[in-house]
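*Asks:* So the chains spell out like this:
There are 2 protein chains.
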Amino acid sequence: MKNKSLSSLRINDERFRANFETLAAIGATPDGGVHRPALSEAHLEARRWFLEHAKQIGLDARMDGAGNHSAVLLCGRAGGPTLLLGSHLDSVPYGGRFDGALGVVAALEVLQVVKEQGISLNTHLEAIDFTDEEGHFANFVGSLGLAGRLEPEHIQHPRGGRDRFRQALCQAGLSESSLFSAGRDPATLAGYLELHIEQGIRLIESGIQIGVVTNIVGIRSFKIKFIGRADHAGTTPMDKRLDAAQGASAFTLASRELVMNEFPGYVATVGNMEFEPGVFNVVPHTVTVALEFRADDDHKLDEMEAALRQQVSVAAQQFGLESETEHLDNTPPAHMNDQVREAFVNVSKALGLKHTFLPSGAGHDAQCMAEICPTGMIFVPSVGGFSHSAKEFTEWEDCANGANALLQAALMLAR
Amino acid sequence: MKNKSLSSLRINDERFRANFETLAAIGATPDGGVHRPALSEAHLEARRWFLEHAKQIGLDARMDGAGNHSAVLLCGRAGGPTLLLGSHLDSVPYGGRFDGALGVVAALEVLQVVKEQGISLNTHLEAIDFTDEEGHFANFVGSLGLAGRLEPEHIQHPRGGRDRFRQALCQAGLSESSLFSAGRDPATLAGYLELHIEQGIRLIESGIQIGVVTNIVGIRSFKIKFIGRADHAGTTPMDKRLDAAQGASAFTLASRELVMNEFPGYVATVGNMEFEPGVFNVVPHTVTVALEFRADDDHKLDEMEAALRQQVSVAAQQFGLESETEHLDNTPPAHMNDQVREAFVNVSKALGLKHTFLPSGAGHDAQCMAEICPTGMIFVPSVGGFSHSAKEFTEWEDCANGANALLQAALMLAR
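Which chain is which? The protein sequence lines are P and X, in order. The first sequence stops at residue 436 when you use the working numbering, and every number in between is there. The second sequence stops at residue 436 when you use the working numbering, and every number in between is there.
Source of the hints: derived by calculation from the structure; they are not laboratory data. Heads up, a few of these hints could be off.
What the hints assert, rightly or not - For lysine to aspartate or glutamate, the following DMTMM-like pairs were computed, each having C-alpha atoms within a straight-line distance of at most 25 Å:
#1 X:412 - X:81
#2 P:244 - X:297
#3 X:261 - P:416
#4 P:244 - X:35
#5 X:321 - P:260
#6 X:375 - X:52
#7 P:244 - P:345
#8 P:321 - X:260
#9 P:244 - X:295
#10 X:261 - P:318
#11 P:261 - X:317
#12 X:244 - P:318
#13 X:261 - P:226
#14 X:412 - P:297
#15 X:244 - P:226
#16 X:412 - P:343
#17 X:412 - X:52
#18 X:261 - P:345
Construct the complete structure from the given sequences, taking the supplied hints into account.
*Replies:* Next comes the structure, spelled out in C-alpha cells:
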C-alpha cells in the first residue's frame with residue numbers, strides 16, 4: 022500500500038463502537054458509568070476481554086511483570102523498534118466509561134486496521150493497557166514499571182494497605198517483585214501515543230475536535246499542619262485562643278487568591294482538612310490541610326511552592342499558631358515530543374479536524390513514557406467536561422475522529 | 022448547737038484530702054489525671070467507693086433509676102425537703118482529677134461534719150453524684166432524669182452507639198427505661214448546691230478564692246453544610262470551581278470576627294470540618310462545619326444565631342455555593358437562684374474569702390437542677406485554667422476554701 026492510500030485509511034467505526042460497548046458493559050454501573058478499580062474482579066475481567074479480543078484478531082497477546090497487557094502486531098522490520106499505542110482499562114471507583122478505555126479500544130482498532138490491510142511499516146505496533154493508572158493502589162504502577170522508573174518507595178504504602186495490594190497482585194498473577202521486571206530498553210521503543218477524553222471543557226466549548234497535548238502538568242502535594250492549643254469552647258475567651266481552624270481557613274482562602282492573582286491559569290486545591298480533636302466543644306489544637314498544586318514547568322512549580330509556603334507562615338502567624346509542612350509528592354511536568362505533536366497536527370489537518378494545543382491538567386501514563394521515548398497525546402471533547410464520574414460523555418463522532426487521528430499519526434510515525 | 026457555733030464549723034481538711042486522693046487513684050492515669058468515662062469500669066469503681074464510703078460514715082446510700090448515687094443524712098424535720106449537694110464522678114476520657122470529683126467529695130465531707138456534730142436542720146442533706154455529666158453517652162443523663170426533664174430523643178443516638186449504651190447501662194444495673202424513673206417531686210427539694218473548679222483563668226489571675234456563678238451559658242450547636250461541586254483538581258480552572266472549602270473557610274474566619282466585634286465576651290467555635298470526598302485531587306463538593314456558640318441569655322443567643330446564619334449565607338454566596346443548616350442542640354441558659362447566690366456571698370465574707378460573680382461558660386448538672394429548685398454554684402481557682410486535661414490543678418487550700426463555703430452555705434440554707 023502506498024503513502025497516498027495509507028492516508029485514506031480509516032478505522033472501522035461500527036466495529037470500534039461495538040468493541041467499546043462490549044468493554045463498557047464490564048463493571049457497568051446502573052447510571053452508565055463503570056466501576057473497575059485496578060485489579061478488582063471487573064478490572065481483571067476487562068483485561069481478560071483485552072487478551073481474548075487481541076488473540077481473536079490475530080495479535081500476539083501478553084502480560085508483563087507489572088501487569089501491563091499488550092497486543093502486538095509484528096508489522097515492522099525484523100529487530101526494529103515498536104511504537105506503543107494505549108491507555109488504561111482501570112477506572113476510579115464509580116467512574117466513567119471513556120476515561121482510559123477509549124484509548125485502549127482505539128489502539129486495538131488501529132492495529133486491527135493495519136493488520137487487515139497487511140501494511141508493512143518501519144516499526145512494529147503494540148496496543149497497551151497500563152496497570153493502575155488511577156492509583157487505586159499506587160498511581161502509574163504499569164507505566165512506571167515499563168519505563169524502568171518504579172521505585173520501591175512508590176509501592177511501600179499503597180492506598181488500602183499493603184496486605185490488600187499483595188493479595189490483589191497475587192490474584193492477578195503478579196507480585197511486588199515482579200512489578201520491577203517490566204522495564205523495557207528504550208532503544209526498542211519508537212514512541213508512545215495516547216488518545217484520551219479531555220477532562221475539561223476547552224474543546225467542547227470552542228467546537229474543536231482534537232486537542233494536541235503540549236505537556237502534562239507537574240503536581241506537588243503537601244500536608245500542612247496548623248498547630249495551636251486545645252481549649253474548652255465554652256470557657257476560653259475568643260482572644261485567648263490558639264485556634265488551628267482559623268489558620269487553616271485563612272490559608273485556604275489565601276491560597277486561592279494567590280493562585281488566581283499571581284499564577285493565572287494554574288491551580289491549587291485544598292482537598293481535605295482534618296481537625297483534632299474534631300468535636301463541637303473543643304477549640305481544635307491541630308488542623309491538617311491537604312494541599313496540591315499543578316503547573317506545567319518546574320520553575321513555575323518552584324515559584325508557587327515558595328509563595329504558598331509564605332502564605333502558610335502568614336496564616337499561622339496571624340493566629341499565633343505553629344505550622345509544619347510535609348512534602349508528600351512531586352510529579353515533575355512532562356513535555357510531549359515535538360515531532361509527535363507535529364504528526365498529530367498534520368493528521369488533524371489532513372482529516373479536516375480542527376485542532377488546538379493545550380496542556381493536560383491531569384496525570385496520564387504518557388508522562389511516564391515521555392521519560393524514555395517520543396511521546397504524544399491527543400484529547401477529544403467531553404460534554405460538560407465531567408471526569409471521574411458516570412456523567413462522562415463524548416459524542417461517538419468525536420471518539421471516531423480521535424481514533425482516526427491516532428491511526429494516521431501511528432502510520433506517519435511508523436513509516 | 023447555736024447559730025454562732027454553726028458558723029465556726031469547718032470541714033476536716035486532712036480527711037477531706039485523704040478521701041479526695043483515694044478517689045483520684047481510681048482510674049488514675051500516669052500523668053496525674055483520671056480516665057473515668059461514664060459507666061466505664063473505673064467509673065463504676067468510683068461509684069462503689071462512693072456507696073461504701075457513705076455507708077462507713079453512717080449515711081443512707083442509694084442509687085436511683087438514672088444511676089445517680091446518693092448519700093442521705095436525715096437531719097431535717099420529718100417530711101421536710103432535702104437540700105442536695107453534689108457534682109459528678111465521671112470524667113472525660115483522660116481528664117483531670119478535680120472536675121466533678123471535687124464537688125462530690127466535698128458534699129460527702131459536708132454531710133459527715135453535720136452528722137458528727139449531730140446538728141438538726143430544717144432540711145435533710147443529700148450528697149449526690151450525677152450520671153454522665155460529661156456526655157460520654159449523652160450529657161446530663163442523671164440530672165435531667167432527676168429533674169424529670171429527660172426526653173426519649175436525648176438518649177436515642179448516644180455517642181458510641183445505642184448498643185454500647187444499652188450494654189453499659191445493663192452492667193450498671195440500669196436500663197433505658199429506668200432512666201425515666203428518677204424524676205423527683207420539686208416540692209421535696211430545698212435546693213441544689215455545687216462546688217466545681219473554674220474551667221478558666223479569671224479567679225486564678227485575679228487572686229480571688231470564690232467565684233459565685235451568676236448563670237450557666239446556653240449552648241446552640243449546628244451542622245452547616247457548604248455544598249458546591251466535585252471537580253478534578255487538575256483540569257478545573259480556579260474560576261470555574263464551586264469549592265465548598267472556600268465557603269467553609271470564609272465562614273470560619275467571619276464567625277470569629279463577628280463574635281469578637283459584635284458579641285464581645287461571648288464565644289463561637291468551629292470545632293470540626295468534614296470534607297467530601299476529602300482527597301488531594303478533587304475539589305470538595307461538600308464541607309460540613311461543626312459550629313457551636315454560647316451566651317448567657319436567650320435573647321443574645323437569638324441575636325448570635327441570626328448573625329451567624331447571615332454569615333453562612335454571605336460565605337456561601339461569595340463562592341456560588343448552597344448551604345444547609347441543621348440545628349443540633351439548644352441548651353437554654355440557666356440562671357442561678359438569687360437567694361443561693363446571696364448565701365454564697367455571705368459565707369465567703371464570713372470565711373474571709375474574696376469572691377466575685379462570673380458566668381459559667383461550661384455546662385453543669387446545676388443547669389438541669391435550676392429548672393426545678395433553687396440552685397447555686399461556686400467555682401474555685403484552677404491553675405492555668407486547664408480543663409478536661411490531666412493538667413487540671415487546684416491548690417488544696419482553694420479546694421478546702423470551696424468546701425468550707427459549701428458547708429456554710431448549706432447550713433445557712435438548711436437552717
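*Asks:* State for each hint whether it applies.
*Replies:* Verification of the hints:
1. X:412 - X:81: violated, 35 Å
2. P:244 - X:297: holds, 17 Å
3. X:261 - P:416: Cα-Cα ~23 Å, so holds.
4. P:244 - X:35: violated, 53 Å
5. X:321 - P:260: Status holds; Cα separation ~19 Å.
6. X:375 - X:52: Violated, at about 32 Å.
7. P:244 - P:345: holds, 8 Å
8. P:321 - X:260: With a Cα-Cα distance of about 19 Å, the restraint between residue 321 (chain P) and residue 260 (chain X) holds, given a limit of 25 Å.
9. P:244 - X:295: holds, 16 Å
10. X:261 - P:318: This hinted pair holds, its Cα atoms lying about 22 Å apart.
11. P:261 - X:317: holds, 19 Å
12. X:244 - P:318: violated, 41 Å
13. X:261 - P:226: Distance ~13 Å between residue 261 (chain X) and residue 226 (chain P) Cα, so the pair holds.
14. X:412 - P:297: Distance ~18 Å between residue 412 (chain X) and residue 297 (chain P) Cα, so the pair holds.
15. X:244 - P:226: The hint is violated at about 38 Å.
16. X:412 - P:343: holds, 21 Å
17. X:412 - X:52: Holds: residue 412 (chain X) and residue 52 (chain X) sit about 8 Å apart, inside 25 Å.
18. X:261 - P:345: violated, 30 Å
Of the numbered hints given earlier, the model fails hints 1, 4, 6, 12, 15 and 18; all others are met.
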